[in-house]
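Okay, here's what each chain looks like letter by letter:
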Amino acid sequence: MNASTPRFSLIGSSHLFGVIDQYVGKLPDNGFQRAWDTGVPATGPLDLGGPPGWQGEFVLFNTPAAGPPPELRDGMLYLPEQLSRVLGSVSADSRCVFSLMRGHEYAVASLVDDPGHADFSDAHGQSLTGRRWMSRQDALGWVREFSEPIFTTVVALRQHLPQARIVQVPPPPPIESEAHILAHPESFGALFSAYGVKPFEMRLRLYRLMTADLAARLQPYGIASLPPPAGALTPAGGLHADFARGCLHGNHEYARVLGEQVKAYLNTLGVAHASV
Amino acid sequence: MHPYDHQPPQAFWRKTVSAQAWGELDFKPATKFKLTPALKIATAGSCFAQHMAKRLQSFGLRHWVVEQPPTGVSPERARELQYGVFSARYANVYTVRQLRQLVEFAFGLRPDDSLVLTEKERFFDGLRPRIQPGGYDTLADLRADRAWHLAQVRRLFTECDVFVFTLGLTEAWVEQGSGIVFPVCPGTAAGEFDPARHGFVNFEYPEILADLEWVREFVAGVNPGMRWIVTVSPVPLVATATSDPVIVASTYSKAVLRAVAGRFAQVHEGVEYFPSFEIISSAQSFGQYLEGDLREVSPRGVNHVMRQFAGAFVAGGGGVVNEARVDIAGLSAVAAQVECEELLNARP
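Residue numbers (the working numbering), protein chains in the order written: chain H, 1362 to 1637; chain Z, 28 to 375.
A couple of the hints might just be wrong.
To be verified - Here are the simulated distance ranges between beta carbons:
#, chain 1, residue 1, chain 2, residue 2, range
1, H, Tyr1556, Z, Pro35, 31 to 37 Å
2, H, Tyr1439, Z, Gln84, 34 to 40 Å
3, H, Tyr1556, Z, Arg137, 32 to 38 Å
4, Z, Thr165, H, Tyr1556, 56 to 62 Å
5, H, Thr1490, Z, Gln84, 43 to 49 Å
6, H, Pro1588, Z, Phe245, 52 to 58 Å
7, Z, Ala247, H, Pro1560, 33 to 39 Å
8, Z, Phe60, H, Pro1596, 57 to 63 Å
Said to hold, decoys possible - Stretch-level coverage of chain H by chain Z, calculated; a stretch enters the list once three of its residues show a Cβ under 8 Å from a Cβ in chain Z:
#, stretch
9, 1473 to 1479
10, 1490 to 1502
11, 1525 to 1532
Calculated directly from the structure, the hints in this document are not laboratory data. Predicted model, so just to flag it, every value in this text is computed and none were measured. Cβ atoms here follow ideal geometry from the backbone N, Cα and C, with glycine treated the same way.
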């Protein structure tokens, strides 16, 4: 790769699978398995087909191998060595890094219809009738609790690459089709059998609250956030089943529209930024 | 020979009250039933009832909290939202009429066009104005929370084994027309007082007893096995809306409630009376359990009440509270947290 060519990076774990399927294909030398087994991230070139003047790379890692999530206490960020090593796999000269790190916290908190969960109202609608209710303020407190690892991990990336533009890519929105989720339960099958799938409206409310709050909290750190790619969404704002992999992730089609978003974002920066 | 010859020692003043230390008197020598750990015990009533609710678990009993906080709410926040203070989030139920209308709302016998108070564009549930600190964002939020709460109350009365109810007040404020009674005077905890809309009532013995009988009969229809323990709060009124001095009004109120509770327990096999009021408020206690304001009950007084409660209702005494092991600082902190909206009546 030409040293003068500006570089962008996509770093993540399972949310990066679709991107690799769509744009990279099978990793050489059993790279995926090696990354999962050894904890050493798999890296390689990433060609989204543009934008002109940029060259891409991916950094795929196994989340547990990155250690516990960083903690932000009294303005100081404490992060584990393992995460430092993972972040060190991003090219130091990368000008723009898109973070697809973590996100499973949202899935764990929102997918199963845990009877202890409550609904709340937001600008898009009222809480569901017959549901345990909580205020938006308390819902935000809960969302912050489970989204804190996403927040601190992206801030750690910001700290690690102070010269780069950092962009948070949220996990895909909830899949609207409950039938699709039940047909692809992954490891949640027993829980779905016991408790069912949380109603889509509740999952979407949580998702919107989480992503809006994350974007607002990351913005003061100079970290931008992408909205979910419009082309993959149902009219209600959920993930269309055709763009889903399993019950949580986006597939290669999702990666395709996400790739278009990434390119569009890079285009807004222009090559001038890339040469800074 | 005369009837008194066959009476037990407890029936004689000189053998007991005159002869024994106050802390050694047995205020409840016999009960119609006992409490066991398997029973779902629900609580409601005035602020003194909060002490009962808090202590049940220390006797190995199960304070059944049917309305639990949502996932993600911290214990501190849950306490602020009054989860676990009573079995459901109805807050203090000072009057029997309040209890009756709670059951009526819960079982759909009254339309749920619940009273709403507004203040600075915030919405407050007129039936529990401090349940959501700062009020609700929207009327829809208030209604959603209320609907969930009433569903839990319905479940409570349908499934609980023993209902412990502390009668607190006879005085109340009602909405003219609907007759719905407020827990506290509008304008104190939230909203504004409107003399054309809000009326004062001092409930009398017949109507209080009738309300209590109505609740018992209705609940027996959905939960025939539910038993009751009724008690009267020894905490005097913080303020009266009558023309009487507060101590005179308070004495009237407590006397009426004590008479109602006694009658209610006397005529029903599944109802017990427990003498919290007598333990604290009898002149023979020399006011030893009163705090500096001569109104609040000290932690030591609460301990005495609960020791007697456990001795009476729990087989084997249920791990009676040992005063030597009491954590005063902890109890003080707990006491400071007792929610008592009635105090708002005395707010300047």
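Here is how each hint holds up against the structure:
no., hint, in the structure
1, Tyr1556(H) x Pro35(Z): 31 to 37 Å, "violated (56 Å)"
2, Tyr1439(H) x Gln84(Z): 34 to 40 Å, "holds (38 Å)"
3, Tyr1556(H) x Arg137(Z): 32 to 38 Å, "holds (33 Å)"
4, Thr165(Z) x Tyr1556(H): 56 to 62 Å, "violated (29 Å)"
5, Thr1490(H) x Gln84(Z): 43 to 49 Å, "violated (34 Å)"
6, Pro1588(H) x Phe245(Z): 52 to 58 Å, "holds (53 Å)"
7, Ala247(Z) x Pro1560(H): 33 to 39 Å, "holds (37 Å)"
8, Phe60(Z) x Pro1596(H): 57 to 63 Å, "holds (60 Å)"
9, 1473 to 1479, "holds (count 4)"
10, 1490 to 1502, "holds (count 11)"
11, 1525 to 1532, "violated (count 0)"
The structure is inconsistent with the numbered hints 1, 4, 5, 11, although it conforms to all the rest.
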